[in-house]
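Using the sequences and the accompanying hints, generate a full structural model.
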Amino acid sequence: MTEPRAGPSHDYRALPDGTVTMLFSDMEGSTALLRRLGDRYAEVVTLQRRIQRDAFVRHGGHELGTEGDSFFVAFSRAQEAVAAALTAQRAIAEVSWPGDAAVRIRTGLHTGEPRRHEDGYVGLDVHRAARVAAAAHGGQILLTEATRRLAGDVPGTGAKDLGEHRLRDLPGTTRLYQLLADGLDADFPPPRTLGRGSSVPQFSTTLVGRDVERRALEGFLTEQGCRLVSVTGPGGVGKTRLAAAVATDLDGAFRDGVHFVPLAPIRSPDVMWSTLAETLGMAEQLDDPAQLLEDLATRDLLLLLDNLEHLHGAADVVDQLVRAGPSVRVLTTSRRPLHITGEQEFPLSPLEVPEGASLPDVSLAPAVDLFVQRARLVRPTFVLDDHNVADVVAVCRQLDGVPLAIELVAAAAKMFGPRAMRARVGRCLEMVTSAVGVPDRQRTLRAAIAWSYDLLPPPVRRAFRQLGVFDGEFDLEAAAAVLDDDAEPLDLIAELIDASLVMVREAPDGEPRLRVLRTVAAFGRERLAEEGEEHDTRRRHAGHYLDLAESAGPQLRSSAHLLGRDRLVAAGPNLRGALTWCFGTDGLDRPADIRTGLRLCQQLAWFWYGCGHRTEGRRWLSVAAAAAEGDTDEHMDVLHGLAVLTLQTGDADRSRELLTRTLAHHRRRGDARGVARSLNALGGAHRALGDPEGARALWTEAADTARATGMTRPLATAVSNLAALELDAGNHDAALPLFRESLELDRGLGDAWGITAGHINIATTYLRAGHLDASEQCLVEQGSVVLGLGDDELVVDVLEIACAIAARRGQARRAARLLGAARALRRRAELAITEPDRVYLEAQIAPVRAASDPLRWAADEADGALLDADAALGEATERAPTGIDTVASSNPCPS
Numbered sequence: 001m002t003e004p005r006a007g008p009s010h011d012y013r014a015l016p017d018g019t020v021t022m023l024f025s026d027m028e029g030s031t032a033l034l035r036r037l038g039d040r041y042a043e044v045v046t047l048q049r050r051i052q053r054d055a056f057v058r059h060g061g062h063e064l065g066t067e068g069d070s071f072f073v074a075f076s077r078a079q080e081a082v083a084a085a086l087t088a089q090r091a092i093a094e095v096s097w098p099g100d101a102a103v104r105i106r107t108g109l110h111t112g113e114p115r116r117h118e119d120g121y122v123g124l125d126v127h128r129a130a131r132v133a134a135a136a137h138g139g140q141i142l143l144t145e146a147t148r149r150l151a152g153d154v155p156g157t158g159a160k161d162l163g164e165h166r167l168r169d170l171p172g173t174t175r176l177y178q179l180l181a182d183g184l185d186a187d188f189p190p191p192r193t194l195g196r197g198s199s200v201p202q203f204s205t206t207l208v209g210r211d212v213e214r215r216a217l218e219g220f221l222t223e224q225g226c227r228l229v230s231v232t233g234p235g236g237v238g239k240t241r242l243a244a245a246v247a248t249d250l251d252g253a254f255r256d257g258v259h260f261v262p263l264a265p266i267r268s269p270d271v272m273w274s275t276l277a278e279t280l281g282m283a284e285q286l287d288d289p290a291q292l293l294e295d296l297a298t299r300d301l302l303l304l305l306d307n308l309e310h311l312h313g314a315a316d317v318v319d320q321l322v323r324a325g326p327s328v329r330v331l332t333t334s335r336r337p338l339h340i341t342g343e344q345e346f347p348l349s350p351l352e353v354p355e356g357a358s359l360p361d362v363s364l365a366p367a368v369d370l371f372v373q374r375a376r377l378v379r380p381t382f383v384l385d386d387h388n389v390a391d392v393v394a395v396c397r398q399l400d401g402v403p404l405a406i407e408l409v410a411a412a413a414k415m416f417g418p419r420a421m422r423a424r425v426g427r428c429l430e431m432v433t434s435a436v437g438v439p440d441r442q443r444t445l446r447a448a449i450a451w452s453y454d455l456l457p458p459p460v461r462r463a464f465r466q467l468g469v470f471d472g473e474f475d476l477e478a479a480a481a482v483l484d485d486d487a488e489p490l491d492l493i494a495e496l497i498d499a500s501l502v503m504v505r506e507a508p509d510g511e512p513r514l515r516v517l518r519t520v521a522a523f524g525r526e527r528l529a530e531e532g533e534e535h536d537t538r539r540r541h542a543g544h545y546l547d548l549a550e551s552a553g554p555q556l557r558s559s560a561h562l563l564g565r566d567r568l569v570a571a572g573p574n575l576r577g578a579l580t581w582c583f584g585t586d587g588l589d590r591p592a593d594i595r596t597g598l599r600l601c602q603q604l605a606w607f608w609y610g611c612g613h614r615t616e617g618r619r620w621l622s623v624a625a626a627a628a629e630g631d632t633d634e635h636m637d638v639l640h641g642l643a644v645l646t647l648q649t650g651d652a653d654r655s656r657e658l659l660t661r662t663l664a665h666h667r668r669r670g671d672a673r674g675v676a677r678s679l680n681a682l683g684g685a686h687r688a689l690g691d692p693e694g695a696r697a698l699w700t701e702a703a704d705t706a707r708a709t710g711m712t713r714p715l716a717t718a719v720s721n722l723a724a725l726e727l728d729a730g731n732h733d734a735a736l737p738l739f740r741e742s743l744e745l746d747r748g749l750g751d752a753w754g755i756t757a758g759h760i761n762i763a764t765t766y767l768r769a770g771h772l773d774a775s776e777q778c779l780v781e782q783g784s785v786v787l788g789l790g791d792d793e794l795v796v797d798v799l800e801i802a803c804a805i806a807a808r809r810g811q812a813r814r815a816a817r818l819l820g821a822a823r824a825l826r827r828r829a830e831l832a833i834t835e836p837d838r839v840y841l842e843a844q845i846a847p848v849r850a851a852s853d854p855l856r857w858a859a860d861e862a863d864g865a866l867l868d869a870d871a872a873l874g875e876a877t878e879r880a881p882t883g884i885d886t887v888a889s890s891n892p893c894p895s
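Just so we're aligned, residue 1 is where the sequence shown starts under our numbering, counting upward by one.
Note that these hints are calculated values from the structure, not bench results.
Cβ atoms here follow ideal geometry from the backbone N, Cα and C, with glycine treated the same way.
Among the hints, erroneous ones may be present.
Unchecked claim - Ranges of calculated distance between the beta carbons of each label pair, as one might list FRET restraints:
(1) 491 <-> 224: 26 to 36 Å
(2) 847 <-> 95: 31 to 41 Å
(3) 866 <-> 510: 35 to 45 Å
(4) 491 <-> 777: 55 to 65 Å
(5) 417 <-> 211: 29 to 39 Å
(6) 558 <-> 68: 44 to 54 Å
As structure tokens, then:
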């Protein structure tokens with residue numbers, strides 16, 4: 001091997017000034033390489049240094065630092081820096097390394113204006129460049145937006161936008177791009193950053209008159225180190241606006257960001273936990289609070305939990321969050337304190353209303369200032385003067401300075417002057433404040449909403465009442481389905497938006513998403529009940545979401561799987577609201593519409609099963625089964641769905657009992673499709689109970705029934721399940737053609753889920769037959785698809801296959817980490833493993849575990865359990881070094 005050239009000597013006076021592109025690089029996994037290669041590691045370091053240094057010199061780089069396998073190089077032109085990084089990566093990839101080492105360089109580039117100091121540079125830009133490199137994976141080149149923009153079009157390259165990321169010890173976020181080019185790998189896990197930053201909503205109007213409260217709240221959360229601060233006060237007082245402003249101010253003060261968690265649509269602690277997991281990007285912890293709390297233990301973040309007063313059990317959830325870790329801070333908004341030990345209550349009063357009516361004295365008073373600003377939004381020429389100041393002050397006083405009330409009233413400035421407003425506000429207040437047992441400020445807010453409501457034309461009032469049935473966001477199609485007026489729905493909604501009674505935002509697809517504030521919606525529902533319109537409106541609401549479920553549900557078993565899943569996820573709060581009304585779980589004396597509820601559960605059963613919502617699915621299917629009357633087809637479909645989800649938790653006896661009942665029903669009815677579905681699912685219960693011959697008989701009958709009646713999907717399922725039995729018996733040659741037959745049937749159906757499951761089953765067959773490379777190739781090709789489907793069970797299959805491959809190849813640490821990840825995901829998703837699969841997996845792991853240090857194995861398995869689904873899949877589908885084999889589970893399809 002040629003001796004390396006010495007590092008270039010620089011005249012540091014020639015270093016570029018002004019705008020400089022800085023490149024940092026180092027070798028991924030260098031410590032592991034050193035342990036594996038021993039003395040030959042020095043050859044690797046020397047050779048990679050020479051390759052990179054040649055590239056840097058060729059493109060005009062100024063080497064400022066080299067330590068071990070790392071470089072710090074400065075370039076006067078961003079384009080040359082990018083070209084140098086690309087040249088080095090391509091050359092690295094072409095080398096045959098000593099000891100067959102896999103050398104992968106991670107590179108980061110950032111362009112800025114660092115300050116010259118002695119023989120180098122100092123400043124935040126230098127640190128940012130180093131952090132970008134640290135975020136990269138081996139073989140990956142990351143660029144900041146400044147570098148990408150200034151580099152322009154480097155021939156033969158492109159850039160993939162990876163979004164905004166938080167970098168350790170640096171304020172704000174940094175937008176990262178991945179360099180794309182021939183000769184470079186394109187698929188990498190997410191960058192190793194602190195995440196995508198904060199998620200605090202930004203309001204289109206300014207926060208008025210809360211400077212003192214803002215500073216005080218920030219002090220509690222930072223200087224005084226309070227772990228839990230609860231902003232309390234009446235509805236409409238501005239709790240959310242103030243808390244969001246404080247959270248925005250503190251962006252950058254918490255290493256892992258500030259996260260806004262809207263809880264207004266949530267009705268139970270279970271859904272609160274899943275909402276927290278979704279907000280924090282921990283989708284794999286949706287149904288596992290313990291794992292979520294464990295993940296929070298090392299995080300430094302602020303959680304803003306908005307609207308807690310309606311949630312029974314919220315105090316217990318918040319208490320656990322606060323105790324999760326020393327650097328977790330929680331800021332809540334609620335109409336009442338949580339009464340948790342250590343809670344710092346922050347009562348928020350209405351805005352100050354001036355005593356007098358002298359223009360100079362009141363013009364800057366918070367309540368008056370808010371009124372004037374909001375009035376000018378709808379009437380830009382509005383001016384506070386000597387003629388109207390007394391009326392404005394009187395309106396603010398009658399509204400008790402409640403911000404939401406003032407905003408609603410001020411929105412009417414387009415039609416009414418302050419004097420007309422004053423007359424109307426007085427009458428509304430008198431009517432509502434006569435109610436007994438209602439807090440004064442609640443009466444005031446009710447008056448403001450009622451007054452705004454009474455200003456609406458009758459058709460718009462009716463629309464407002466009916467839109468109150470929605471939970472969370474909804475679209476125009478849903479609004480039109482619920483409204484029963486002959487008027488154009490768009491006109492009605494536009495008037496409500498104008499009146500600040502409906503909020504609107506633009507969704508990522510460019511379409512409007514509507515929302516009625518919770519307190520305003522509650523007022524609308526009261527009026528809806530008073531007018532005797534609630535039942536019919538709720539019926540239309542439930543009917544619309546049944547139509548949506550009937551449309552989106554079949555998409556889950558087609559090439560449009562992701563579209564169907566996203567539609568149902570977005571409709572989640574309203575689907576829950578519809579089910580709550582249908583089954584009477586909202587406190588009604590009796591269920592309101594059992595049949596619609598049963599049909600909703602029919603359509604949602606596969607969504608709950610295949611998209612990671614099993615706990616919620618079991619809850620609703622259990623409610624539906626208890627409410628159902630008579631052995632109708634809908635009732636049997638609910639029992640079928642409940643049986644499938646019950647089997648996944650390991651209760652095969654209960655599953656068999658339910659499926660035996662559904663099978664008998666479909667046989668009596670002569671329903672061949674129902675018979676085939678029940679046979680397929682019932683066979684799974686028999687297999688789980690250790691009765692393979694019983695399972696074979698059931699699955700054979702399912703296949704015969706499907707063939708006789710030309711039903712492709714039940715046939716594909718039955719054939720796949722029969723193949724699983726052949727695997728259990730060690731008949732690999734018999735299993736493979738059956739799995740391939742099932743895969744072709746799913747391809748004919750365009751079933752994205754079935755196709756992916758088919759590939760994973762084939763990977764399992766290759767594994768058990770000893771064709772490890774073929775099995776691994778299947779995993780590499782299907783990894784990203786599996787993650788996109790959102791099915792925990794498929795993810796576990798991949799992890800266990802990769803674990804067995806690693807074990808067969810003697811890779812103890814890889815096997816232990818993947819085993820830990822698979823077991824943790826099974827626990828979180830409540831997925832039981834069948835006895836045949838457990839026995840097989842254990843047989844593959846036992847030898848390598850026995851040959852390993854027990855403490856090391858336990859530590860690696862524990863590390864793997866901390867991986868999220870994305871990271872675990874990335875590790876499982878990363879092609880292992882030559883000579884590694886695989887093992888997996890083959891799960892029969894339920895339907």
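Inset, instruction - May I ask you to test the hint 44 to 54 Å on the CB atoms belonging to residue 558 and residue 68? - result: Because 52 Å falls inside the window, the suggested range holds.
Legend entry - Distance restraint hint 35 to 45 Å, applied to the beta-carbon atoms of residue 866 and residue 510: Hint holds: Cβ distance 39 Å, inside 35 to 45 Å.
Legend entry - residue 777 and residue 491 - C-beta distance against the hinted 55 to 65 Å: At roughly 58 Å between Cβ atoms, residue 777 and residue 491 fall inside 55 to 65 Å, so the hint holds.
Inset, instruction - Given the range 29 to 39 Å, decide if the beta-carbon distance of residue 417 to residue 211 lies inside it. - result: holds (30 Å)
Inset, instruction - May I ask you to test the hint 26 to 36 Å on the CB atoms belonging to residue 491 and residue 224? - result: violated (51 Å)
Inset, instruction - Mind checking the hinted window 31 to 41 Å against the Cβ distance between residue 847 and residue 95? - result: holds (35 Å)
Violated hint for the displayed structure: number 1, the only one.
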